[in-house]
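Respectively, the protein sequence lines represent chains A and B.
Under my numbering, the first residue of the first sequence is numbered 1, with each subsequent residue one higher.
Under my numbering, the first residue of the second sequence is numbered 1, with each subsequent residue one higher.
Watch out, some of these pointers could steer you wrong.
Stretch by stretch, here's where chain A covers chain B in the computed footprint (C-beta under 8 Å, at least three residues) [as the list claims (entries may be wrong)]:
(1) 96-110
(2) 115-128
The list that follows gives simulated cross-link-like pairs (lysine-lysine, BS3-like), each with its CA atoms no further than 27 Å apart [as the list claims (entries may be wrong)]:
(3) A:Lys141 x B:Lys88
(4) A:Lys138 x B:Lys3
(5) A:Lys143 x B:Lys67
(6) A:Lys141 x A:Lys152
(7) B:Lys9 x A:Lys149
(8) B:Lys65 x A:Lys147
(9) B:Lys118 x B:Lys81
(10) B:Lys67 x A:Lys130
(11) A:Lys143 x B:Lys65
(12) B:Lys9 x A:Lys143
(13) B:Lys67 x A:Lys147
(14) A:Lys3 x B:Lys90
(15) A:Lys141 x B:Lys181
(16) A:Lys130 x B:Lys81
(17) A:Lys147 x B:Lys81
(18) B:Lys81 x A:Lys141
(19) A:Lys130 x B:Lys9
(20) B:Lys165 x B:Lys15
(21) A:Lys145 x B:Lys81
(22) B:Lys81 x A:Lys148
What follows is a list of derived Cβ distance ranges for each label pair [stated by the list, open to error]:
(23) B:Asn172 x A:Leu43: 39 to 45 Å
(24) A:Asp28 x B:Pro116: 56 to 62 Å
(25) B:Arg151 x A:Lys130: 22 to 28 Å
(26) B:Ser66 x A:Met1: 46 to 52 Å
If you're looking for bench data, these hints aren't it; they were derived computationally from the structure.
Using N, Cα and C, we set each Cβ at its ideal position, and we do this for glycine too.
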Amino acid sequence: MVKRKIGVLLGFLGVVFGLVAIFRIVVDTEVAIGLVTVSFGVLAVIWTLMALQSLSPGSSLRRYTFNFLLCLIFILLFSVWHTLEKLFSWRVSVNELMLYPGYLLITLAFLLFVGTAWQILTLGREFGFKGQASLIGKVIKEKEKEKKKKIKR
Amino acid sequence: MSKITEELKQLRELKEFVVLATVKAKDYQKTNLEIVKNLTQEFNIPGVYVTLNKPYSVIKNIFEKSKIDTRLIIFIDAITKVAGEAKKTKNCLFIGNPENLSDISIAMDQAVRALPGKDKFLFFDSLNTLLIYNEIQTVIKFIHFLASKMRVWKVKGIIISLEKKADEELINELSQFCDIKIDF
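My request is simple: use the sequences and hints to build the entire structure.
Here you go:
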């Protein structure tokens, strides 16, 4: 437990120092923010890939995780594109149209998010037992009433 | 009083437990029925019945013939084949594949947490069927996960296994994760 707490603390300190270093080295705030988001995005993709590997093939959760991974990849690609475009000023040096691939990537990411949200809605319906649980609650109450009646008799 | 009723009566004092119940093949159905009957009628508690062995339609019929109140039970059927992903009917969730341990785990977690009241049971039928569809190491990991989850959920947990010479070592290894091993 103590080891875990020390690990979390060291991890947190590492992230803070990393952020400070990025903002010190990279003078342009927009590029610095871009680098930070890309690094967090990479971490998110790695964790999701690890989760995907440990889930049972063909399971609903694995399918959901895969779709979530696609969303993350598109958001990450958007961040990478946006950061590179800022870093090398492609809109000025190449063409104004260099803005649009980024828009395309973020649009695709949101379309995938809609699909994934629909999937989580169906998962919630399939794996949610609220309806059955409230019926069971009623049955238990009925039985308790019957028991009390019997005792009174 | 039968041995099962006697053993369960002793367990009644405990609020929560994880039991690994080994049964002889010839007594398998009778034992299952008696345990579930005890839990729903004597203990009067709701629960989750996970079947990897017989389809829900068959189990429901058997339970109803034995006058077990199936209204108190949420069934999770991992053996009936379903098209596509998991499918749900009134009181059963069909997973469709006994290899799909991720979905079985989520379904159990959701069902147990949804049940009303503090006292509830989880009946896992059976360990041997799990072994047919999954590798032995996966089964050991899964049962370890299940036993620790049962403690978190604070349920009366029963894992059924057939008494087999071939699985003797595995059962001994698994019994260390459980509170009690009962041979019926």
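Now the hints, each set against the structure:
Counting residues of the stretch 96-110 of chain B whose CB lies closer than 8 Å to any CB of chain A gives 9, which reaches the minimum of 3, so the coverage claim holds. Given a C-beta distance limit of less than 8 Å, the hint that chain A covers the stretch 115-128 of chain B holds, as 3 residues qualify and 3 suffice. The hinted pair formed by Lys141 of chain A and Lys88 of chain B meets the criterion: a straight-line CA distance of about 25 Å does not exceed 27 Å. With a C-alpha separation of about 32 Å, the suggested pairing of Lys138 of chain A with Lys3 of chain B is violated against the 27 Å cut-off.
Only pairs whose Cα atoms come within 27 Å are accepted, and Lys143 of chain A paired with Lys67 of chain B is accepted, the gap being roughly 15 Å. For the suggested pair Lys141 of chain A and Lys152 of chain A, the alpha carbons sit about 17 Å apart, so the restraint of at most 27 Å is met. For the proposed pair Lys9 of chain B and Lys149 of chain A, the alpha carbon gap of about 25 Å is at most 27 Å, so the pair holds. Annotation: proposed proximity of Lys65 of chain B to Lys147 of chain A holds, straight-line Cα distance about 23 Å (limit 27 Å).
A distance of roughly 33 Å separates the Cα atoms of Lys118 of chain B and Lys81 of chain B; the hinted pair therefore is violated under the 27 Å criterion. A threshold of 27 Å between alpha carbons decides the hint, and for Lys67 of chain B with Lys130 of chain A the separation of about 25 Å falls inside it, so the pair holds. Straight-line distance between C-alpha atoms of Lys143 of chain A and Lys65 of chain B comes to about 20 Å, which keeps the hinted pair within the 27 Å bound. Restraint check for Lys9 of chain B and Lys143 of chain A: the C-alpha separation of about 21 Å stays at or below 27 Å, so the hint holds.
Taking the CA atoms of Lys67 of chain B and Lys147 of chain A, the gap is about 18 Å. The hint holds against a cut of 27 Å. Restraint check: the Cα-Cα separation between Lys3 of chain A and Lys90 of chain B comes to about 47 Å, which exceeds 27 Å; the hinted pair is violated. Straight-line distance between C-alpha atoms of Lys141 of chain A and Lys181 of chain B comes to about 33 Å, which puts the hinted pair past the 27 Å bound. Between Lys130 of chain A and Lys81 of chain B, the direct Cα distance comes to roughly 24 Å. Compliance with the 27 Å bound is thereby established for this hinted pair.
Annotation: proposed proximity of Lys147 of chain A to Lys81 of chain B is violated, straight-line Cα distance about 40 Å (limit 27 Å). With a C-alpha separation of about 35 Å, the suggested pair Lys81 of chain B and Lys141 of chain A falls outside the 27 Å cut-off, and the hint is violated. The suggested pairing of Lys130 of chain A with Lys9 of chain B is violated, with an alpha-carbon distance near 31 Å, which exceeds 27 Å. With a C-alpha separation of about 32 Å, the suggested pairing of Lys165 of chain B with Lys15 of chain B is violated against the 27 Å cut-off.
With a C-alpha separation of about 40 Å, the suggested pair Lys145 of chain A and Lys81 of chain B falls outside the 27 Å cut-off, and the hint is violated. With a CA separation close to 43 Å, the supplied pair Lys81 of chain B and Lys148 of chain A exceeds the 27 Å bound. Take Asn172 of chain B and Leu43 of chain A: their Cβ atoms lie about 42 Å apart, and the range 39 to 45 Å holds. Range check, Asp28 of chain A to Pro116 of chain B: about 58 Å between beta-carbon atoms, so the 56 to 62 Å window is met.
One distance hint, 22 to 28 Å for the beta-carbon pair Arg151 of chain B and Lys130 of chain A, holds here, with the actual separation near 24 Å. The supplied range of 46 to 52 Å is met by Ser66 of chain B and Met1 of chain A, whose beta-carbon atoms lie about 47 Å from each other.
Of the numbered hints given earlier, the model fails hints 4, 9, 14, 15, 17, 18, 19, 20, 21 and 22; all others are met.
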